[in-house]
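S.K.: Put chain B on the given structure of chain A with help from the hints.
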Amino acid sequence: MSIRSQMLLAAGAVAGVLALAPASAQDAVKIGLILPMTGGQASTGKQIDNAVKLYMQQNGDTVAGRKIEIILKDDAAVPDNTKRLAQELIVNDKVNFIAGFGVTPAALAAAPLATQGKIPQIVMAAGTSIITERSPYIVRTSFTLAQSSTIIGDWAAKNGIKKVATLTSDYAPGNDALNFFRQNFTAGGGEIVEEVKVPLANPDFAPFLQRMKDSKPDAVFVFVPAGQGGNFMKQYAERGLDKSGIKVIGPGDVMDDDLLNGMGDAALGTVTAHLYSTAHPSAANKEFVAAYKKAFNSRPGFMAVGGYDGIRLIYEALKKTGGKTDGDALIEAMKGMKWESPRGPISIDPETRDIVQNIYIRKVEKVDGELYNVEFATFEAVKDSGKTKK
Amino acid sequence: MTAKADVGYHARQHARWRLSEVAFWVLVLAGALLFPSRYLIMTDILRLGLFALSLDLILGYAGVVSLGHAAFFGVGAYSAGLLALHGIIPEPVLALLAAGLIATGVGFLTSFLVIRGVDLTRLMVTLGIALLLEALAERFSNITGGSDGLQGIEMQPILGLFAFDMFGKVGFFYCLAVLFILFLLARRIVHSPFGLSLRAIRNNPLRAAAIGIPVNRRLIAVYTLSAFYAGIAGALFTQTTALASLDVFAFERSADLMLVLVIGGTGYLYGGLIGAVAFKMLQEVFSTITPQYWQFWIGLVLVVIVLVGRARMHRWALWLPNLVIRQFAGRKAVVVVPERDAS
Chain A
1 MSIRSQMLLA
11 AGAVAGVLAL
21 APASAQDAVK
31 IGLILPMTGG
41 QASTGKQIDN
51 AVKLYMQQNG
61 DTVAGRKIEI
71 ILKDDAAVPD
81 NTKRLAQELI
91 VNDKVNFIAG
101 FGVTPAALAA
111 APLATQGKIP
121 QIVMAAGTSI
131 ITERSPYIVR
141 TSFTLAQSST
151 IIGDWAAKNG
161 IKKVATLTSD
171 YAPGNDALNF
181 FRQNFTAGGG
191 EIVEEVKVPL
201 ANPDFAPFLQ
211 RMKDSKPDAV
221 FVFVPAGQGG
231 NFMKQYAERG
241 LDKSGIKVIG
251 PGDVMDDDLL
261 NGMGDAALGT
271 VTAHLYSTAH
281 PSAANKEFVA
291 AYKKAFNSRP
301 GFMAVGGYDG
311 IRLIYEALKK
321 TGGKTDGDAL
331 IEAMKGMKWE
341 SPRGPISIDP
351 ETRDIVQNIY
361 IRKVEKVDGE
371 LYNVEFATFE
381 AVKDSGKTKK
Chain B
1001 MTAKADVGYH
1011 ARQHARWRLS
1021 EVAFWVLVLA
1031 GALLFPSRYL
1041 IMTDILRLGL
1051 FALSLDLILG
1061 YAGVVSLGHA
1071 AFFGVGAYSA
1081 GLLALHGIIP
1091 EPVLALLAAG
1101 LIATGVGFLT
1111 SFLVIRGVDL
1121 TRLMVTLGIA
1131 LLLEALAERF
1141 SNITGGSDGL
1151 QGIEMQPILG
1161 LFAFDMFGKV
1171 GFFYCLAVLF
1181 ILFLLARRIV
1191 HSPFGLSLRA
1201 IRNNPLRAAA
1211 IGIPVNRRLI
1221 AVYTLSAFYA
1231 GIAGALFTQT
1241 TALASLDVFA
1251 FERSADLMLV
1261 LVIGGTGYLY
1271 GGLIGAVAFK
1281 MLQEVFSTIT
1291 PQYWQFWIGL
1301 VLVVIVLVGR
1311 ARMHRWALWL
1321 PNLVIRQFAG
1331 RKAVVVVPER
1341 DAS
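Residue numbers (the working numbering), protein chains in the order written: chain A, 1 to 390; chain B, 1001 to 1343.
It should be emphasised that the hints constitute simulated quantities derived from the structure, not laboratory data.
It is possible that part of the hints are untrue.
[What the hints assert, rightly or not] Stretch by stretch, here's where chain A covers chain B in the computed footprint (C-beta under 8 Å, at least three residues):
(1) 1031-1041
(2) 1093-1099
(3) 1157-1170
(4) 1245-1253
(5) 1299-1309
Heads up, the beta-carbon is just placed ideally off N, CA and C, and yes, glycines get one too.
Isolated chain A (complex conformation) (with noise of 0.2 Å):
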């Protein structure tokens, strides 16, 4: 009968690949790197997987006499399938970090996890400020939206810029960024005339930003995730917003490195602050960016930075722990810990586990035909606002 046969094809199915659950080396540290390879947030994914590898060819694939395995998972940045993998990963695979995380819904689905099993969990993208306090096994190596938007707020009221329009995706991060933007910007004596904020998933800016353009403002605040900048860019341009003499301030995931170059001249004069510029003039990021230009074709963003010293960072912890793998021992190790990455120097905040970084205030120009985010101004060691405040 029909419904027989149907179910033999299943059973076989099922058996042949539930068998396939992975078994291999005792030894081998495993890292569980779950990240969007797949959907509009492909490109930080992408990013992530890329500086882990190129970390990984540079320094090998041993630390403390252990192998390292990177098992790679794909989420699609929806948390639920982010939940799923990191329970997977830590009870089947028994993973001894999970690392990753593309957007901050995703990382918070998985903080539990990380508190249930004891398992560092390294945040190498996503930027709300609580995603630290959610769990005391988690580690940020990326960014925080505080630490960014307050310093461009800081920066817009002292440089003659009165009137403000904000445009925000709406959800955690991008409210983070508009909270300590306005913060810092009305401190300053600025004032917000309009505040728009974008649904995430919607990435049709035009009827927003002719609400923009109607406001007139001097500038507009722009956070929207990374991924995301290039088509802002595009209807910037098309509402003719950027020969309005409107600016475009804001963090600078809006000018992601990995997309600038295709933004084309509209992305000219944009002002942002940010803690990584592809053209940062320091030897590490010179060397850091021919080694990713050359193994991947492509510029390395923000993004990849997160992910480059993320991974640096579960070297550098098993190093100190001799290569063991207890979870309250490595984030001991972490805690504190400091180096210079592509982007400056940074360090791992001790009492709070979120990155130290330098922020700095950049501008987009053309350098030999190409875009950049060239920086001015630096502010040194900016811890995350989002938590010094309390």
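M.R.: Just chain B, lined up with the frame of chain A:
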């Protein structure tokens, strides 16, 4: 024997439990015990199976197409999430029922829109309803958590006895029990006179109306029932993952559901379950092999399935077992018959 008794006799014959069906459920249970480390993905499969079952009820039995079934899944998911988050109904089983009933309500209200028009209109209307609800959930982010999802849901133990564990064991058996009970119910319904009348409607609505079947009322009833099933699937999703995000309303969810039924076949209830198994397995295998390009391979497999046809694939897959049966039992194997309602 009167004609009526004759029909009843055949209906009862159809409704009898077959050995293969019993074997199916035994296999499911065996799977659960054989792979204790894979509860999470198996829970995922059960939820998808239940969800597919709900679409099968309207698509396979009443011929109503829907591209927006995620609407009810989402309503169920958010209802269960909110009930648990605000402690309105902390006990999961009651909350499950409540969430299912809320989805039923939404299903009933929207059924009046859906039964108007024909297939293409229905596709658009159902798609529209799902998009509408997704937009609403995003708009009222103070209630739903918007793009961040409902965070911080803590599930109470089931019936106050079984707490959800990290390995997903309790969640799995909970889903399995719910699926089995709802499956029995669905099986009873489709073999009832009501179910038979639905098939009559599917085959020819005009003729069904002519012999006195209240077509619209029946369609409303089955659509509402289907919404209940989808709502339960959604609620199970929230309860077992302790998470609800906008993704529960996503178009991809509705579209995946169609794919599941394309793989598994419609109109015999097991299609959704088998399709769910096959679909999740494909996804798992391909995304393990290539996390970046797995969607390509899934697409390719689906194209092949549609081109080759399910019935023929079954024949290929069962060629060897059949050969063995023929050789040793000396009789013609019975397993090659394509499902009777495949259309």
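S.K.: Looking at the structure, which of the earlier hints fail to hold?
M.R.: Of the numbered hints, 2, 5 do not hold.
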